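Novice: Please build the complete structure, drawing on both the sequences and the hints.
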Amino acid sequence: MLDIHLIREKPDVVRSNLSRRQDDQILEWFDELIQKDVEWRQLKSENDFLRSKRNTISQQINQVKKEGKPVDDLLKEAKALPEKIKQNDVRIAELETRNRWLLLRIPNLLDPAVPYGKDSSENVPAKTWGKPPKPSFEVIHHGELAKRLGVADFENAVSVAGSGFFYLLGDLALLDMALQRLAIDMLIKKGFVLVQPPYLLKREAYETMVSLSDFEEVMYKIEGSDQYLIATAEHPLGARFLNHTFSEDDLPQKFAGVSACFRKEIGKHGLDERGFFRVHQFNKVEQFVFCKPADSPVFFEAIRKNSEELLEALEIPYRTVLICTGDMGVIASKKFDIEGWSPREGKYFELMSCSNCGDYQAHRLNAKFLNAKTNEKEFVHTLNNTMIATTRFLRCLIENCQTKDGTIRVPKVLWKYMNNKKEISLPKAKAVKPVSRASKPFAGKKSIHKR
RNA sequence: GCAGAGGUGGCCCAGCCUGGUUACGGCGAGAGGUUGCUAACCUCUUGGGGGAAACCCCACGGGAGUUCAAAUCUCCCCCUCUGCGCCA
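Under the numbering used here, the first sequence has 193 at position 193, and the numbering climbs by one with no breaks.
Hints in this document: simulated from the structure, not taken from any laboratory.
Since this is a predicted model, take the numbers as computed values, not measurements.
There may be inaccurate statements among the hints.
[As the list claims (entries may be wrong)] Derived pair list, reagent style DSS-like, types lysine-lysine, alpha-carbon separation capped at 27 Å:
id, residue 1, residue 2
1, K404, K416
2, K86, K44
3, K44, K127
[Claimed, not checked] Using C-beta positions, here's what the derived DEER-type ranges look like:
id, residue 1, residue 2, range
4, L251, E144, 41 to 49 Å
5, S136, L251, 50 to 58 Å
6, S225, K69, 40 to 48 Å
7, G170, L251, 20 to 28 Å
Built from N, CA and C at the ideal position, the CB exists for glycine as well.
Specialist: Shown next as structure tokens:
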């Protein structure tokens, strides 16, 4: 969230930055916040005064009692005060709830370098690498090929878990892990600390890391408990430092979080029923950095480069685009997406998302560092970038490394993580047998796929 | 899951039974002072908020309650430690 002090001191500057997003709702929220904040400060002053008075009288009562004199008059005077204080407190609490609600929804200030644009079609390409291949054969859909090779099972996953789930089998499961290992090793070499975070977070901690709408649209809630399944390791990595003050020497802190990620994907079209592109559960290695404000532009470039180097190591053609004003989310002040080439569709699609969040997350987290020179606490900056989201990447790999024989070539850099396996192909002697069930535990739901 | 003991400032700890001016003391850190030394010593600062300031308010794991007044009494919740139980 934004610093309320900044909003009080420079409302015009903040408002004009927010207006770049071309969203009247945001400006309405902002104006309401300004007005309610004034009311809050007035009431708070008034109550502080009443409390002060009450405290004084209480002390007088104590004094007079000690002297053995009657305190009836003072008691009468004192008794009137708590009621008025309570009345004001109700309104103050209302205002605080509303103001926090508003503050949590008002997005981050945009970096001046963010280009103006209405939506994702106006993002600005910043870099392209590699030559998109022109296969001489028709590229098979990644899910279809995985199924044919017997390394993925979608039907049974859909039956027992629901649409948007899948089983990875044999070499493809191994490939998923190999990708994670490659990503992890590259990051460890760059000084990142590997972290396996908790997969559940309590709401209070979670609110510090995401926009509120995500609770409805993205996160799975655990029934009967105040916990949510994480949507990315970014969240527990950040929440770990809730209310934390770093010493200046501790910064920067660079983490490589590895976890399964769970997303409801409500309202998103095209949930992928026979593939890995948009699913409810996937594995991801995430980069997360805490640093001093002056250093964040440097780390922003560094974590972007890490992901680009991973794609280069895997020989996947990609392009990096600078996200425009209309396509920016709530949290980031500047963002790049890195997009991999799809030979099947002949276009780039999103693989990674690299954000500089400035001090926006740090404000919610209340994550600061002690400036050694001034001995004052300042908010840190946070940055994050996908190193690899395996499922999304599996699609990319299966398409780009597909041969005309219908096998999948394993990129050389992954051989050592694949027990030296160089391709994924159909075992010659073995036909792939689908798993079948003798009984029908889910009557009437034999298959929800009708093609 | 059961039982017991706990949670107090950046860290350690007293206060709680018996409610009452300013939450005791130590350590660490920062600023200043003193001194033939970077040692020792002395003073101040070291949670959050409001206010131009003087100053005021809040904060003893979180929340609610009782009271003129709550670290202290009551209730609910969270977490830690020890023992038992269960468990990959």
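Novice: Between the beta carbons of L251 and E144, is the distance compatible with 41 to 49 Å?
Specialist: For L251 and E144 the Cβ distance comes to about 48 Å; the hint holds.
Novice: Hey, K404 versus K416, does the alpha-carbon distance stay inside 27 Å?
Specialist: holds, 25 Å
Novice: Check the following: the C-beta atoms of G170 and L251 are separated by a distance inside 20 to 28 Å.
Specialist: For G170 and L251 the Cβ distance comes to about 44 Å; the hint is violated.
Novice: 40 to 48 Å was suggested as the range; check whether the CB atoms of S225 and K69 agree with it.
Specialist: The hinted range 40 to 48 Å is violated for S225 and K69, with Cβ atoms some 56 Å apart.
Novice: The hint says 50 to 58 Å between S136 and L251; measuring C-beta to C-beta, is that right?
Specialist: holds, 52 Å
Novice: CA of K86 to CA of K44, is that 27 Å or under?
Specialist: holds, 12 Å
Novice: Would you mind confirming whether the straight-line C-alpha gap from K44 to K127 stays at or under 27 Å?
Specialist: violated, 52 Å
Of the numbered hints stated above, those contradicted by the structure are hints 3, 6, 7, listed in ascending order.
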